[in-house]
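Asker: Those protein sequence lines, which keep their order, are chains A and B.
Counting from 0, one number per residue, gives the positions in the first sequence under numbering that gives the first Met the number 0.
Counting from 0, one number per residue, gives the positions in the second sequence under numbering that gives the first Met the number 0.
Hints listed in this document are in silico derivations from the structure and should not be mistaken for laboratory results.
Yeah, the Cβ is synthetic: ideal placement off N, Cα and C, and Gly gets one too.
Do not rely on the hints blindly, as some may be mistaken.
What the hints assert, rightly or not - If we take Cβ atoms under 8 Å as the criterion, some of the chain A residues that face chain B in the derived model are:
id: 1; residue: 167
id: 2; residue: 169
id: 3; residue: 172
id: 4; residue: 174
id: 5; residue: 177
id: 6; residue: 178
id: 7; residue: 191
id: 8; residue: 265
To be verified - What follows is a set of in silico ranges between Cβ atoms, one per label pair, in the way DEER data are often shown:
id: 9; chain 1: A; residue 1: 239; chain 2: B; residue 2: 359; range: 55 to 63 Å
id: 10; chain 1: B; residue 1: 657; chain 2: A; residue 2: 180; range: 38 to 46 Å
id: 11; chain 1: B; residue 1: 199; chain 2: A; residue 2: 269; range: 32 to 40 Å
id: 12; chain 1: B; residue 1: 472; chain 2: A; residue 2: 133; range: 54 to 62 Å
id: 13; chain 1: B; residue 1: 494; chain 2: A; residue 2: 6; range: 18 to 26 Å
id: 14; chain 1: B; residue 1: 416; chain 2: A; residue 2: 180; range: 27 to 35 Å
id: 15; chain 1: B; residue 1: 80; chain 2: A; residue 2: 269; range: 29 to 37 Å
id: 16; chain 1: B; residue 1: 81; chain 2: A; residue 2: 269; range: 55 to 63 Å
id: 17; chain 1: A; residue 1: 269; chain 2: B; residue 2: 142; range: 46 to 54 Å
id: 18; chain 1: B; residue 1: 360; chain 2: A; residue 2: 185; range: 38 to 46 Å
id: 19; chain 1: A; residue 1: 118; chain 2: B; residue 2: 494; range: 31 to 39 Å
id: 20; chain 1: B; residue 1: 302; chain 2: A; residue 2: 23; range: 53 to 61 Å
id: 21; chain 1: A; residue 1: 6; chain 2: B; residue 2: 305; range: 53 to 61 Å
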Amino acid sequence: MKLSRFVRAFFADLATATGTTIVILFLGLALFGPLIAPYSPTKQHADAIRLPPSTMYVLGTDRLGRDLLSRIIYGARDILLLAGGGTVLAVLLGTFIGVSVTYLGGWLEELVFRLFDGLLALPALLLALLLLGAVGPSRSGVLLVIVVVYTPIVARVVRSVVLSLKTRGFIEAARMRGERLGYILWRELLPLVMPTLAVEAALRFSYAIFLVASLGFLGVGVQPPSPDWGLMVLEARNEFALAPWSLYAPAAAIALLVIGVNLMAEGVRRAIREDVTR
Amino acid sequence: MTIPVLTVNNLTVAYRVGQQELAVVREVSLAVHEGEILGIVGESGSGKSTLGLAILQALPSTGRICAGQVFLDGVELTGLSGSARRALWANSLRLVPQNPLAALNPTMRIGEQLIEAIGGDRTTATAQAINVLKRVHIPDPARVMRSYPHELSGGMQQRVMIAMALHGTPRLLVLDEPTTSLDVTTEAAVIDLLAELIAEKQPATIFISHNLGLVARLATRTAVMYAGELVEVAPTMSLFAQPRHPYTQGLLQSLPRPGLRYDHHPLHSINGIIPAPGALPAGCVFAPRCSLADERCRCERPSLIAITEHHLTRCHYWQQVPQSTSLPSVAAPSASSNDNGDVFLTAHQLTKTISRRQSLFDKLRGQPAPVVKALAGVDLTLHRNRILGVVGESGSGKTTLARCLIGLSEPSSGTVELLDMPLAPNIQRRSREQLRRLQMVLQNPQEALNPALTIGEALMRPLIRLGGMDRQAARQRVPELLRLVKLPPDYIDRRPAQLSGGEKQRVAIARALAATPDLLLLDEAVSALDVSVQAAVLNLLAEVKERTGVSYLFITHDLAVVSYLADDVVVMYRGQIVESGPVQAVLAPPLHPYTEALLTAASARGIRLREAEESGSLPENGCPFYPRCPRTPGNICATTPPPWRDAGNGHRIRCHIPLEELQIIQRSVLIEL
Numbered sequence: 000m001k002l003s004r005f006v007r008a009f010f011a012d013l014a015t016a017t018g019t020t021i022v023i024l025f026l027g028l029a030l031f032g033p034l035i036a037p038y039s040p041t042k043q044h045a046d047a048i049r050l051p052p053s054t055m056y057v058l059g060t061d062r063l064g065r066d067l068l069s070r071i072i073y074g075a076r077d078i079l080l081l082a083g084g085g086t087v088l089a090v091l092l093g094t095f096i097g098v099s100v101t102y103l104g105g106w107l108e109e110l111v112f113r114l115f116d117g118l119l120a121l122p123a124l125l126l127a128l129l130l131l132g133a134v135g136p137s138r139s140g141v142l143l144v145i146v147v148v149y150t151p152i153v154a155r156v157v158r159s160v161v162l163s164l165k166t167r168g169f170i171e172a173a174r175m176r177g178e179r180l181g182y183i184l185w186r187e188l189l190p191l192v193m194p195t196l197a198v199e200a201a202l203r204f205s206y207a208i209f210l211v212a213s214l215g216f217l218g219v220g221v222q223p224p225s226p227d228w229g230l231m232v233l234e235a236r237n238e239f240a241l242a243p244w245s246l247y248a249p250a251a252a253i254a255l256l257v258i259g260v261n262l263m264a265e266g267v268r269r270a271i272r273e274d275v276t277r
Numbered sequence: 000m001t002i003p004v005l006t007v008n009n010l011t012v013a014y015r016v017g018q019q020e021l022a023v024v025r026e027v028s029l030a031v032h033e034g035e036i037l038g039i040v041g042e043s044g045s046g047k048s049t050l051g052l053a054i055l056q057a058l059p060s061t062g063r064i065c066a067g068q069v070f071l072d073g074v075e076l077t078g079l080s081g082s083a084r085r086a087l088w089a090n091s092l093r094l095v096p097q098n099p100l101a102a103l104n105p106t107m108r109i110g111e112q113l114i115e116a117i118g119g120d121r122t123t124a125t126a127q128a129i130n131v132l133k134r135v136h137i138p139d140p141a142r143v144m145r146s147y148p149h150e151l152s153g154g155m156q157q158r159v160m161i162a163m164a165l166h167g168t169p170r171l172l173v174l175d176e177p178t179t180s181l182d183v184t185t186e187a188a189v190i191d192l193l194a195e196l197i198a199e200k201q202p203a204t205i206f207i208s209h210n211l212g213l214v215a216r217l218a219t220r221t222a223v224m225y226a227g228e229l230v231e232v233a234p235t236m237s238l239f240a241q242p243r244h245p246y247t248q249g250l251l252q253s254l255p256r257p258g259l260r261y262d263h264h265p266l267h268s269i270n271g272i273i274p275a276p277g278a279l280p281a282g283c284v285f286a287p288r289c290s291l292a293d294e295r296c297r298c299e300r301p302s303l304i305a306i307t308e309h310h311l312t313r314c315h316y317w318q319q320v321p322q323s324t325s326l327p328s329v330a331a332p333s334a335s336s337n338d339n340g341d342v343f344l345t346a347h348q349l350t351k352t353i354s355r356r357q358s359l360f361d362k363l364r365g366q367p368a369p370v371v372k373a374l375a376g377v378d379l380t381l382h383r384n385r386i387l388g389v390v391g392e393s394g395s396g397k398t399t400l401a402r403c404l405i406g407l408s409e410p411s412s413g414t415v416e417l418l419d420m421p422l423a424p425n426i427q428r429r430s431r432e433q434l435r436r437l438q439m440v441l442q443n444p445q446e447a448l449n450p451a452l453t454i455g456e457a458l459m460r461p462l463i464r465l466g467g468m469d470r471q472a473a474r475q476r477v478p479e480l481l482r483l484v485k486l487p488p489d490y491i492d493r494r495p496a497q498l499s500g501g502e503k504q505r506v507a508i509a510r511a512l513a514a515t516p517d518l519l520l521l522d523e524a525v526s527a528l529d530v531s532v533q534a535a536v537l538n539l540l541a542e543v544k545e546r547t548g549v550s551y552l553f554i555t556h557d558l559a560v561v562s563y564l565a566d567d568v569v570v571m572y573r574g575q576i577v578e579s580g581p582v583q584a585v586l587a588p589p590l591h592p593y594t595e596a597l598l599t600a601a602s603a604r605g606i607r608l609r610e611a612e613e614s615g616s617l618p619e620n621g622c623p624f625y626p627r628c629p630r631t632p633g634n635i636c637a638t639t640p641p642p643w644r645d646a647g648n649g650h651r652i653r654c655h656i657p658l659e660e661l662q663i664i665q666r667s668v669l670i671e672l
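Bound-form chain A, shown alone:
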């Protein structure tokens, strides 16, 4: 019963259902990419340099004769794994810090959140470049960037909820019966943070997609010849006049995925709000 309500929330109206469908579609590409893709993403077709879209190469080919459709399909796995994995890690870490440090309060809270404020004062991309400069461009580097950039944001959102909860009567009642810290944090507080957290996680996910693509575009993220969407935009940019389709395909993929995630997040937010006000 609870599950069906959960599923229904993702298809509540046309916009949400569209978003969910788009996200599922891309998830399908990421999972079953090798089965769907017509060619290898790195295979260079010497006879098909910079071909416009045709029946053979549905989205055309790039300057090395690689099939763009196959590269987009394989690229979906990278971007979803990095953005999704990074978001999950950041949300877990941010929630843990946000709930426990805020509930404990005192100088620890002051210290941790001043530090986070300092991190948030730096533009996300600048911070990312600094970090990747230090650890070198790689997949795990990108993952680290997402965690470092988004953990403080998630922690702050969680903190705002916990602050309003920690002086409520039910928490004081728990203290009056000598509940252990763990029970108060994870059984009493966490479930009440979940609705806000679900919305925040969806939002972070869509920003993380952007961040991964941006890092690829700046050349500090996933390295060639991997079929990364941001990297594909970078490579296609120089020959926009010769082969505009090679730019359109990855740019459209990024835009479509972000729009899909946002539409889905908006639907989830509405469903949760209705659940709360009911």
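Here the structure of chain A is known, so what remains is to put chain B in place on it, guided by the hints.
Answerer: Coordinates of chain B only, in the frame set by chain A:
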């Protein structure tokens, strides 16, 4: 007979909730004449506020008048165009809302807001604003004009709202619970002011309140609302003397009255709860909770019948509504109520100072941080099997005292001892056994339960943590706990959102009682509840005490409740105890001028206090109550702390006025009343 100012014809108002429309006010007809005050009483959820807003044409956007008309001086208000409606709001219709701070614009000075409300030429409006502030007895109108709303006390804010509502010549005044957010002493002064101004300006007035005492004092006629319907309308005197509807009768019976005591007279309480709009019974709306109801009531909806020219009731069997107001008195249990049990808990010289935020500049200059004394040296002794009432206005330190006893706040100095063993000031350092012995029910039932956890889980935890049970055993005990607070056992799997406020409070009480504490602290535990629910909770507390021998420390601002439930009482003012002793000795007659003011606030001829200053500039030495005391003998109060005087039988008061003199004053007051 004159033509009424306000006529309401068959008014039905509905709110849109999701896809459907739910009628919350149904087929209400009433008329109010010039200068007349019509009281509207009813429990929360009865639709009384919605009715008020519908009459003013000020419903929120989700509300809609579905049927019926509202006439003001013969002009129909429903369906007026925007500009005509605005003109009407500016000139004829006025509202005094429940929460003045929410109704005043926090970014505008009071003067600006008044001038805007008065309208017209600025110079004359300014002069008028000052005049109207004088009319509401604001001592320094020029200063108040320059103030922002947050700089004024609650009573002052409400005076400003009344000034706004009563400038010029309003035709219709709606008072929507105008004193609910105020202290009893301030409430008394505001009600006096309203009575005076209404008598002068003669608007037709609708006074919406859940407080039957206030309605009895102010209203000429009273209408009782239940589940969106008027169930009884009558002149106030006859409604209170001879209620002709079982609901009215039930409400009146559920009030604690002087002379009733918890150990002899259980209060009457109305079974069940008010039906939700959309889940109304087919016949009479009150039938499911009515003791007179039969088959006819469940099928056939009664209409509003005129018993006499002025007395209307919506009941098939109004002749059978019991008229006697006496309560069944039960035999006194063992004569325990007057012998002192052993000393259980003592507090010595508890103080709690709260330092205000200090600017860095002041800190660098070495200025001492400004402090507020929430508790200023409180001594307290609690006996086993006794009920101690703690009364006082808001800000008197009642809640701080309870929180320091239980350890949720740490006192700045002083000690608390449980059975002669010192208790750690911080709750985290107290042993499990100490935690079990003391429990507390907090003020706000809406926050008492975690919305994410089931009622069963909430009730199991104290059994597991403090009772030493495993989950299995704890779960088996839960139905018993639910039965103790008169809730059905299937509530075990419900979540707090499915419970009403009264039910939540009962679960909170059950949770506090689960691990069989020896002392239960109750912080305004019944204040947020409707009278019929309050009666049920008070009965419950009396019953549990009888059965388990638990003691209570009962914090309240309601003296009727204290005189019903408490054995002993302490009166607090500004963090100090000013009077303490057995409840009969303290309250009848009151000796301390402050107790007297609290007690006589409900009467039109009681003594009134000067408005408290927000700044908290207390006399350095001397009596904290002196700046507001109406009976101060002179300068000595400002310079010397008042001595404790012993009035015998454990009754002690703190005042410069000699006891004999106070007794003489009070005797003459009693005769006057």
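Asker: None of the hints should be skipped; say for each whether it holds.
Answerer: Now the hints, each set against the structure:
{"no.": "1", "hint": "167", "result": "holds, 5 Å"}
{"no.": "2", "hint": "169", "result": "holds, 4 Å"}
{"no.": "3", "hint": "172", "result": "holds, 7 Å"}
{"no.": "4", "hint": "174", "result": "holds, 6 Å"}
{"no.": "5", "hint": "177", "result": "holds, 5 Å"}
{"no.": "6", "hint": "178", "result": "holds, 6 Å"}
{"no.": "7", "hint": "191", "result": "holds, 5 Å"}
{"no.": "8", "hint": "265", "result": "violated, 19 Å"}
{"no.": "9", "hint": "239(A) / 359(B): 55 to 63 Å", "result": "holds, 57 Å"}
{"no.": "10", "hint": "657(B) / 180(A): 38 to 46 Å", "result": "violated, 56 Å"}
{"no.": "11", "hint": "199(B) / 269(A): 32 to 40 Å", "result": "violated, 53 Å"}
{"no.": "12", "hint": "472(B) / 133(A): 54 to 62 Å", "result": "holds, 57 Å"}
{"no.": "13", "hint": "494(B) / 6(A): 18 to 26 Å", "result": "holds, 21 Å"}
{"no.": "14", "hint": "416(B) / 180(A): 27 to 35 Å", "result": "holds, 28 Å"}
{"no.": "15", "hint": "80(B) / 269(A): 29 to 37 Å", "result": "holds, 35 Å"}
{"no.": "16", "hint": "81(B) / 269(A): 55 to 63 Å", "result": "violated, 32 Å"}
{"no.": "17", "hint": "269(A) / 142(B): 46 to 54 Å", "result": "holds, 49 Å"}
{"no.": "18", "hint": "360(B) / 185(A): 38 to 46 Å", "result": "holds, 43 Å"}
{"no.": "19", "hint": "118(A) / 494(B): 31 to 39 Å", "result": "holds, 38 Å"}
{"no.": "20", "hint": "302(B) / 23(A): 53 to 61 Å", "result": "holds, 60 Å"}
{"no.": "21", "hint": "6(A) / 305(B): 53 to 61 Å", "result": "holds, 58 Å"}
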